[in-house]
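Enquirer: Using the hints provided, position chain P relative to the given structure of chain R.
In the order they appear, the protein sequences are chains R and P. Going by this note's numbering, the first residue of the first sequence is number 1, and it counts up by one from there. Going by this note's numbering, the first residue of the second sequence is number 1, and it counts up by one from there.
Honestly, I wouldn't trust all of these hints.
[To be verified] Every beta carbon over 10 Å from chain P, so not counted as near; a handful from chain R, in silico:
| hint | residue |
| --- | --- |
| 1 | Lys3 |
| 2 | Ile11 |
| 3 | Tyr25 |
| 4 | Glu44 |
| 5 | Lys70 |
[Unchecked claim] Taking lysine to aspartate or glutamate pairs in the EDC-like style, the calculated list, with each CA pair at most 20 Å apart, reads:
| hint | chain 1 | residue 1 | chain 2 | residue 2 |
| --- | --- | --- | --- | --- |
| 6 | R | Lys3 | P | Glu59 |
| 7 | P | Lys41 | R | Asp86 |
| 8 | R | Lys3 | R | Glu96 |
| 9 | P | Lys41 | R | Glu10 |
Think of the hints as simulated: they come from the structure by calculation, not from any bench. These numbers come from a predicted model, not from an experiment. Just so you know, even glycine gets a beta-carbon here, dropped at the ideal spot from N, CA and C.
Take a look at the letters that make up each chain.
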Amino acid sequence: AQKVTQAQTEISVVEKEDVTLDCVYETRDTTYYLFWYKQPPSGELVFLIRRNSFDEQNEISGRYSWNFQKSTSSFNFTITASQVVDSAVYFCALSEARRSGANSKLTFGKGITLSVRP
Amino acid sequence: GAVVSQHPSWVICKSGTSVKIECRSLDFQATTMFWYRQFPKQSLMLMATSNEGSKATYEQGVEKDKFLINHASLTLSTLTVTSAHPEDSSFYICSARDPTSTRGRQETQYFGPGTRLLVL
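Chain P extracted, bound-state conformation:
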């Protein structure tokens, strides 16, 4: 399957600082990437869909100015948590699809290893 990496895997920051998380597709070009948030013992919640070369599409209730998404290249999307607060502490995970795959494989989302954010 396709490989997606995420960096950093862990980040601890002070309240009020901004944190940038990178999501990379390593062996394919991803025109679309997805950003999820997961609280302990809960399911994944889609935050936004990141489209290469255009603005991200945010889900209802997700603050665009709080969670800045940039998809500047076909292999990299970044999520910046601006002015982070303790309630932003969570597990953030990205995924990507390989649009060139055939026979339905392009529908499969491959996930990165996730980033655990702790805001003090």
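Chain R with its partners taken away, still in its complex shape:
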């Protein structure tokens, strides 16, 4: 069975601090996808990134960066120079990679509530 663990439940930082959100996953599949979603207070889940299990290259997008370590089954998310608008719940998720058109379910972690204080 697949499992995603986000051990941190709540993190509070002061604006401009860097913050790393941890994600550890378990799966028996050799091919899978990892995701991060942001859920602001409005409730909508915003897609941030998808990572294929074959691609361990780290990715940077503006102030966001992701560190995928297959050896430790981790997919951590770092926000550099955090801003108040980054305050949200962040979910890490895992899905199997299936044939296109087949149903692949997302397994979510419990989420991390990030509060960025001015």
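Expert: Below, chain P alone, put in the same frame as chain R:
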């Protein structure tokens, strides 16, 4: 990214009534949509997978007759909460995948803005 809408965003109803929630993919055709339920300060719980033109696949513990799902077209899935009771009050959110995307993008689920249901 792909855009998914949901309607209504808020609904308040009396106990015993039925409530219909719509989920639409606006700029792509979604053969598969997913319905989730989220309680306050908790993660998302998958309720069912909605397949266009066929019956939905429900997760264990989800009552099929309670939560009716219809996926009549490639851009619309509906969730009907029948005979709603206060314990059905929750945040319901749908998602959809674009199966025509390439290079792994078809694996990405795009979420609607959610519907907050309050049953009095």
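Enquirer: Look at each hint and say if it fits the structure.
Expert: Tested hints:
1. Lys3: Holds: least Cβ distance 12 Å, greater than 10 Å.
2. Ile11: Correct as stated: the minimum Cβ-Cβ distance to chain P is 15 Å, above 10 Å.
3. Tyr25: holds, 14 Å
4. Glu44: violated, 4 Å
5. Lys70: holds, 16 Å
6. R:Lys3 with P:Glu59: holds, 16 Å
7. P:Lys41 with R:Asp86: Holds. P:Lys41 to R:Asp86 sits at ~17 Å (cutoff 20 Å).
8. R:Lys3 with R:Glu96: holds, 11 Å
9. P:Lys41 with R:Glu10: holds, 11 Å
In this structure, only the earlier hint numbered 4 is contradicted, and the remaining ones agree with it.
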